[in-house]
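S.K.: Protein sequences appear in the order of chains A and B.
Just so it is clear: in the first sequence, position 108 is 1287 by our numbering, and no numbers are missing.
Just so it is clear: in the second sequence, position 156 is 1335 by our numbering, and no numbers are missing.
Hints are computed from structural coordinates only; laboratory data are not their basis.
C-beta atoms are modelled at their ideal positions from N, C-alpha and C, and glycine is treated no differently.
Take these hints with a grain of salt, some might be off.
[What the hints assert, rightly or not] Have a look at the derived ranges for each label pair, beta carbon to beta carbon: (1) B:G1295 with A:L1333: 17 to 27 Å; (2) B:D1237 with A:G1293: 13 to 23 Å; (3) B:E1234 with A:L1315: 36 to 46 Å; (4) A:H1300 with B:A1332: 41 to 51 Å; (5) A:D1202 with B:T1247: 38 to 48 Å; (6) B:D1294 with A:D1227: 22 to 32 Å; (7) B:D1253 with A:S1185: 42 to 52 Å; (8) B:E1189 with A:G1293: 43 to 53 Å; (9) A:D1227 with B:P1279: 29 to 39 Å; (10) B:Q1208 with A:D1280: 12 to 22 Å; (11) A:D1227 with B:Q1278: 20 to 30 Å; (12) A:F1308 with B:Q1208: 31 to 41 Å; (13) B:R1239 with A:L1315: 27 to 37 Å.
There are 2 protein chains.
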Amino acid sequence: MTAFTSAAIEADPKLPIIRITRDFAATPQQLLRAHTDPDLFARWCGPDSGTVRIEHWDARTGGSWRYTHVTDGDEYGFRGTFHDVRPDRIVQTFTFEGQPDGVALETLTFEDLGDGRTRLHAQSLVDSFEGRDMWLRSGMETGVNEGYAKLDALLSDVTA
Amino acid sequence: MTAFTSAAIEADPKLPIIRITRDFAATPQQLLRAHTDPDLFARWCGPDSGTVRIEHWDARTGGSWRYTHVTDGDEYGFRGTFHDVRPDRIVQTFTFEGQPDGVALETLTFEDLGDGRTRLHAQSLVDSFEGRDMWLRSGMETGVNEGYAKLDALLSDVTA
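Model the full structure from these sequences, guided by the hints.
M.R.: This is the structure in structure tokens:
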């Protein structure tokens, strides 16, 4: 049996934005490191039914990234740039290479709740409601929730 | 007397987007080069009342950029990343350093009209209507139109 906290995944009623909110038993520094260290990131990102292979990773303001999600022998590429890497937030672009013209602007904010707990706010902005709603129908919540459950499990190993 | 073509600057009624459309007597290749060659870019970008100093420039997919606009002794910094640099389009992030939390996702598309003419479509996406409307009220059309008039003038020098 798998037991974990679900993330809140919400579509903004007036903007082409998806917002995800999730609490973690970790400091903002630990969460930042889990999102910027490529070896850690590859251990938790995405659904249980696959693995992440980092192709390129330069997690600093002005850097870029690329990884491949491998599942059942199929490979799916994702890539983007790091617009901002700060202690309190990451702003990055995101493209699924199967749809190379689609681009999301993602903002991750680490809200310190005290007592070693942090609320992660992840905002994904695209340029149409159709594109946004396609992501919501894609089964993304499985990847989000299984990924964050893996992140829960490894945070005790993350020093920051 | 200055005579030049005005750009169409439009606010989307339902999305937090500004769209700019402007025709040029140039090929898509020349326009791409005018947006990616730092020496050329510095010669035309922005209003007549200032100069552009390139601080960093790596105009390839996954690269980044930073420049300072100098006017009347005041300096204004701008920076971002290049998510995509392709023959038909550039996708980049854009931040005015005076408002470091604000980020726009800009998409420039070069539509070949034939006969050495190209229509530039520039789309700027932000995460709120308030932020979008603040840009529209900032006097941006002066910088856009004066900049594109300078670009008109130098395109005959641009080989591609």
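S.K.: Confirm or reject each hint.
M.R.: Against the structure, the hints:
no., hint, verdict
1, B:G1295 with A:L1333: 17 to 27 Å, "violated, 57 Å"
2, B:D1237 with A:G1293: 13 to 23 Å, "violated, 40 Å"
3, B:E1234 with A:L1315: 36 to 46 Å, "holds, 39 Å"
4, A:H1300 with B:A1332: 41 to 51 Å, "holds, 46 Å"
5, A:D1202 with B:T1247: 38 to 48 Å, "holds, 41 Å"
6, B:D1294 with A:D1227: 22 to 32 Å, "violated, 56 Å"
7, B:D1253 with A:S1185: 42 to 52 Å, "holds, 50 Å"
8, B:E1189 with A:G1293: 43 to 53 Å, "holds, 46 Å"
9, A:D1227 with B:P1279: 29 to 39 Å, "holds, 37 Å"
10, B:Q1208 with A:D1280: 12 to 22 Å, "holds, 20 Å"
11, A:D1227 with B:Q1278: 20 to 30 Å, "violated, 40 Å"
12, A:F1308 with B:Q1208: 31 to 41 Å, "holds, 34 Å"
13, B:R1239 with A:L1315: 27 to 37 Å, "holds, 33 Å"
Comparing the model with each earlier hint shows violations of hints 1, 2, 6, 11; every other hint is respected.
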